[in-house]
Amino acid sequence: MDAFFASVELLRYPQLKGLPVVIGGGRRRADDLLLQSPDGTGPREPRFIPVAEFPLLKDYVGRGVITTATYAARQFGVGSAMGMMKAARLCPQAIVLPVDFDEVRRYSRLFKHTITEIAPVMQDRGVDEVYIDFTDVPGGQREGGRVLARLIQKSIFDATGLTCSIGVAPNRLLAKMASEFNKPNGISIVYAEDLQSKIWPLNVRKINGIGPKAGEKLAALGVHTIGDLAAQDPQWLMGHFGQSTGAWMHRVAWGQDDSPVVTESEPVSMSRETTFERDLHAVRDRAELSRIFTDLCQRVAEDLQRKGYVGKTIGIKLRYDDFKTATRDHTLPTPTQDAATIRHTAGLCLKRVPLERRLRLLGVRVGALVRLSDHLLLGDVPVSTTNRPPRQPDPHTAPLF
DNA sequence: TCTGGGGTCCTAGGACCC
DNA sequence: TCTGGGGTCCTAGGACCC
Numbered sequence: 001m002d003a004f005f006a007s008v009e010l011l012r013y014p015q016l017k018g019l020p021v022v023i024g025g026g027r028r029r030a031d032d033l034l035l036q037s038p039d040g041t042g043p044r045e046p047r048f049i050p051v052a053e054f055p056l057l058k059d060y061v062g063r064g065v066i067t068t069a070t071y072a073a074r075q076f077g078v079g080s081a082m083g084m085m086k087a088a089r090l091c092p093q094a095i096v097l098p099v100d101f102d103e104v105r106r107y108s109r110l111f112k113h114t115i116t117e118i119a120p121v122m123q124d125r126g127v128d129e130v131y132i133d134f135t136d137v138p139g140g141q142r143e144g145g146r147v148l149a150r151l152i153q154k155s156i157f158d159a160t161g162l163t164c165s166i167g168v169a170p171n172r173l174l175a176k177m178a179s180e181f182n183k184p185n186g187i188s189i190v191y192a193e194d195l196q197s198k199i200w201p202l203n204v205r206k207i208n209g210i211g212p213k214a215g216e217k218l219a220a221l222g223v224h225t226i227g228d229l230a231a232q233d234p235q236w237l238m239g240h241f242g243q244s245t246g247a248w249m250h251r252v253a254w255g256q257d258d259s260p261v262v263t264e265s266e267p268v269s270m271s272r273e274t275t276f277e278r279d280l281h282a283v284r285d286r287a288e289l290s291r292i293f294t295d296l297c298q299r300v301a302e303d304l305q306r307k308g309y310v311g312k313t314i315g316i317k318l319r320y321d322d323f324k325t326a327t328r329d330h331t332l333p334t335p336t337q338d339a340a341t342i343r344h345t346a347g348l349c350l351k352r353v354p355l356e357r358r359l360r361l362l363g364v365r366v367g368a369l370v371r372l373s374d375h376l377l378l379g380d381v382p383v384s385t386t387n388r389p390p391r392q393p394d395p396h397t398a399p400l401f
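236 is the number that UniProt numbering gives to position 236 of the first sequence; each next residue is one higher, with no gaps.
If you're looking for bench data, these hints aren't it; they were derived computationally from the structure.
Hints should not be assumed to be uniformly reliable.
[Claimed, not checked] The calculated SDA-like cross-link candidates involving lysine to any residue, where the alpha carbons are at most 20 Å apart (straight line), are:
hint, residue 1, residue 2
1, K307, R106
2, K154, N182
3, K206, A247
4, K176, L202
5, K112, Y131
6, K317, A247
7, K176, A230
8, K213, W248
9, K206, D128
10, K112, D128
11, K183, L377
12, K176, G215
13, K17, F157
14, K206, R251
15, K317, W248
16, K176, T116
17, K217, A231
18, K176, I115
19, K351, T313
20, K112, P260
21, K206, D228
22, K198, S165
23, K217, W248
24, K351, T325
25, K317, M270
26, K317, R360
27, K176, W254
28, K176, L151
29, K112, R125
30, K317, T336
31, K183, D128
32, K176, R106
33, K183, Y131
34, K317, E273
35, K206, F157
36, K213, T245
37, K58, Q75
38, K154, I189
39, K206, E216
40, K86, F76
Just so you know, these numbers come straight off a predicted model, no measurement behind them.
The task is simple: from the sequences and hints, build the whole structure.
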């Protein structure tokens, strides 16, 4: 989806069309400022104040980052994941709006439903992105897929008023890269034989899975484009990046990817975390931290209960004022979705982590999830090594002593 | 200029078992 | 007293993605 979060807001406030708008920010106080009617009584209307004219800017956008910027805002070098304070400097006239998660989720469901009505084999990749395997959709091969891509674009626009960009290719790897060739509201078809002309000139960072670290390491080795990568000896790549990553790099540089489009998957973990308005100290701000900690546990527990999961690995995450992160976890004999159990176990984890530095973030995670219904089917048997039934020795494999 | 929140997957060492 | 070779699970950190 094109500039998804921002586009959703533009549907509501069409008067902002064409203006630099950034979505994000972070603090509730920003919402209050933006969504208050001027006299505080009427309907809550956003006040479209350029970010630079915010009184006490830092208090309002705080530690927030940009989730999405409109294409007009991107002209100023503003982009997702950038801190709001920096964005305000680069583009002082930008209008800032908070994310409306409910509305974003509603449009996300709507566009995905529209797609599955046409092409049922769809994989979720977050709120604003999907993979579609339309190999077996009638008419899917016409004009290399362009006809179906156009139909999907039109159907989504009719249902939501939103535009998207579609890449069509023989596999997911190439389709993902193709989807960026013609943004916004574009379609791009990449055939296997286009590898050399369309893919090899791109920077290695365009490969899904090569991020800042690998990109930098490759650059230091003189490998900049995907073509450069394809030219490397696989053994050399494995020497620098390990067996598995090295071999993978070689394959993707040659456009090879046989990963299937997976339509269903089970969650592995659920978590809640929060960055504080100011750094907090474990001793001096004990009461406040404790309140936040309990609240995070409560919210994870609610998420688990609402979605019907239990998990046995309880973990915490801390981020210190120097931005370094620490995690601790503890695995229970029996999976849980109970807030008090999570709070108690997370409390034990907290005792094992250094607390001298001030903290900027605290998070709580529950992993090793299983569906509550599946867990109950097993008769509530603790999933643990401690009370596994003793195994009968197999005479063929039993050790001699 | 400081850097969100929610995820997945991988690696590596150690405990423990046979 | 020192020495195998599997295998699984747990834990901590980190890369990466949307």
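Ascending list of hint numbers which this structure does not respect
6, 11, 15, 32, 35 and 37
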